[in-house]
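Enquirer: First to last, the protein sequences are chains A and B. Residue 27 in this note's numbering sits at position 13 of the first sequence, and the numbers go up by one each step. Residue 161 in this note's numbering sits at position 147 of the second sequence, and the numbers go up by one each step.
Warning: the hint list may mix true and false statements.
A pair holds if it fits inside one copy or across any two, identical chains being indistinguishable in the list.
[Stated by the list, open to error] Here are the simulated DSSO-like cross-link-like pairs (lysine-lysine), alpha carbons at most 30 Å apart as the crow flies:
1) Lys201 with Lys285
2) Lys148 with Lys27
3) Lys292 with Lys142
4) Lys295 with Lys215
5) Lys294 with Lys215
6) Lys295 with Lys127
7) Lys295 with Lys285
Please keep in mind that the hints were generated in silico from the structure rather than gathered at the bench. The model shown is predicted, which means the values in this text are computed figures rather than measured ones.
2 protein chains.
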Amino acid sequence: MTRISLELGGGGKTMREFIAGRIVPAFKNTILAGLLDSAHLPSGFAFTTDGYVVDPVFFPGGDIGKLAVNGTVNDLVVSGAVPLYLSLGFILEEGLEWTSLDRIVASLKAAAKQARVQIVTGDTKVVKQGQADKIFIHTSGIGRIIAAPRPGLVRPGDAIILTGTLGEHSLAILTARGDYGFESCIKSDCAPLNFLMPFWKAGALWMRDITRGGLATILSELVEQIPFSILIEEDRIPLSNPVRAATELLGIDPLYLACEGRAVLVVPARKKDSVLAKLKKDPLGRRAAVIGRIENRIGRPGELLLRTTAGGLRLLEPLTSELLPRIC
Amino acid sequence: MTRISLELGGGGKTMREFIAGRIVPAFKNTILAGLLDSAHLPSGFAFTTDGYVVDPVFFPGGDIGKLAVNGTVNDLVVSGAVPLYLSLGFILEEGLEWTSLDRIVASLKAAAKQARVQIVTGDTKVVKQGQADKIFIHTSGIGRIIAAPRPGLVRPGDAIILTGTLGEHSLAILTARGDYGFESCIKSDCAPLNFLMPFWKAGALWMRDITRGGLATILSELVEQIPFSILIEEDRIPLSNPVRAATELLGIDPLYLACEGRAVLVVPARKKDSVLAKLKKDPLGRRAAVIGRIENRIGRPGELLLRTTAGGLRLLEPLTSELLPRIC
Chain A
15 MTRISLELGG GGKTMREFIA GRIVPAFKNT ILAGLLDSAH LPSGFAFTTD
65 GYVVDPVFFP GGDIGKLAVN GTVNDLVVSG AVPLYLSLGF ILEEGLEWTS
115 LDRIVASLKA AAKQARVQIV TGDTKVVKQG QADKIFIHTS GIGRIIAAPR
165 PGLVRPGDAI ILTGTLGEHS LAILTARGDY GFESCIKSDC APLNFLMPFW
215 KAGALWMRDI TRGGLATILS ELVEQIPFSI LIEEDRIPLS NPVRAATELL
265 GIDPLYLACE GRAVLVVPAR KKDSVLAKLK KDPLGRRAAV IGRIENRIGR
315 PGELLLRTTA GGLRLLEPLT SELLPRIC
Chain B
15 MTRISLELGG GGKTMREFIA GRIVPAFKNT ILAGLLDSAH LPSGFAFTTD
65 GYVVDPVFFP GGDIGKLAVN GTVNDLVVSG AVPLYLSLGF ILEEGLEWTS
115 LDRIVASLKA AAKQARVQIV TGDTKVVKQG QADKIFIHTS GIGRIIAAPR
165 PGLVRPGDAI ILTGTLGEHS LAILTARGDY GFESCIKSDC APLNFLMPFW
215 KAGALWMRDI TRGGLATILS ELVEQIPFSI LIEEDRIPLS NPVRAATELL
265 GIDPLYLACE GRAVLVVPAR KKDSVLAKLK KDPLGRRAAV IGRIENRIGR
315 PGELLLRTTA GGLRLLEPLT SELLPRIC
């Protein structure tokens, strides 16, 4: 391969190899090497960045502005930091309608207010027509660290808790784009995850928001870091009826679909009931569920296993090819 | 105007109106309203962001990687902060050659080393062929605040000091792009301005790096904030011979050309000689010069005046139209 392919941006194996093989060695430093969703700086602050190229710009349940705030806010939350400040970088295509930009700015404003962050600095570049696609946004975020993921403390029996249903964001984009020639009532789950912050104190050992690569890829990354296996149960994974219907129709596995307002937590066995009960009290956690556990009797260390509805065991691999480009 | 035009990204009047009219009111908070090159956070840290869309990606004297590090580093320096950490966001066009990306990563690495900053977090997105132009980069930066620009302390007689020759970066891009059908030996001045940090202690009241909009636009922004005028002298402005020749040939005013390794300082009258002598000791300040002064006898408050080589006085306005898109 002499040229960059879409897979590189898919959040799967190609992207991880790029980061591990070319980025980390080039910029080697202990902070970057941590490869958390945000960099934990010695000063007690966390720092993260994300680019947003979603197509279409406006979709059921959100738009690129809402996504650009929540995506970066959520990276801070799941790395243990209270989101405080965002920067905002626009790349605009000449010819974009002012009404679109105004609508996106209003959405950024509303999302920042909801997520309780301040947008404190920014930059705008404009390129000629055809040199970008409408609008790309980069947000970077700074948060105050109050906890850190501790995968080293994860033990067999610890619970894997999913905060809500899978797949809405990806399917909202996909059907809005018309890729599959049908419409749906599915709305993106795009939302700020600030409500998860108290769960660090409540005992969560590890959290990740479920973005590119989906639940299967994200749990694969966790299981590689621990000397155990992970078992999740297909029939415990919450799915909305429209998502279930659409994924069956399209033959897409919801375990690989990106969300923008869902997270997965690892919680010690003895705390799982109290955490689950608390999660369910928030509207964003209403459909939270224990979907599996850390295992040392089934599978080998480093394996992510799915017990299917039919009762079999399936080994889940991280995403390798790009399912849905420009989903975020 | 119902659609976004290239002017919006030019660093001139249209861009300032966009920021003042739409961005600041939307996200209103005291930090953003400061509109410094970086946001000064209550925690003692400065935070800034910039997008880079330069075309061509590789040019005489640099490339988009070097630019992306130095541009953000320089925004921190001129706002009074020691650059510490950078984030790195790529938007890549499918089909970009791996050798190009590797060369850019190597350049980012070298530039970060030279500017003594760590790249601690990042993100990569890939869009389909034709949806972006090769590569766009966003860098955000965090620095430790040791000083702050104090335009309120500027007094008549204070010296305007330019750290070096104008125009190299813009002309290097312009001739590399072949826009004007001739080649030149002009290399970009792209460089980190860390060497300016000690000048905050040495008495500088205000600093700005000379980017989009050029010297005239940047001094226009200063003069609007003070109850005096500014007078600069054309024959004191350092220009290299190739830049002088090229700007005369093309009929371009070097006062509006973006640089990427030059800054302008305001220094109290009694300190100007010592500051100038110190600046000249650094290779990047070798051609530093006092080019003008804060005035209360010539012109009206808020006016930026140029004494031309012929002896006349010319009122300088901020850049209004986009001279050179995708210069940075």
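Enquirer: Now tell me, hint by hint, if it's right for this structure.
Expert: Hint check:
no. : hint               : result
1   : Lys201 with Lys285 : neither (32 Å within a copy, 63 Å between copies)
2   : Lys148 with Lys27  : both (29 Å within a copy, 22 Å between copies)
3   : Lys292 with Lys142 : neither (50 Å within a copy, 43 Å between copies)
4   : Lys295 with Lys215 : within (17 Å within a copy, 54 Å between copies)
5   : Lys294 with Lys215 : within (17 Å within a copy, 55 Å between copies)
6   : Lys295 with Lys127 : within (22 Å within a copy, 49 Å between copies)
7   : Lys295 with Lys285 : within (16 Å within a copy, 64 Å between copies)
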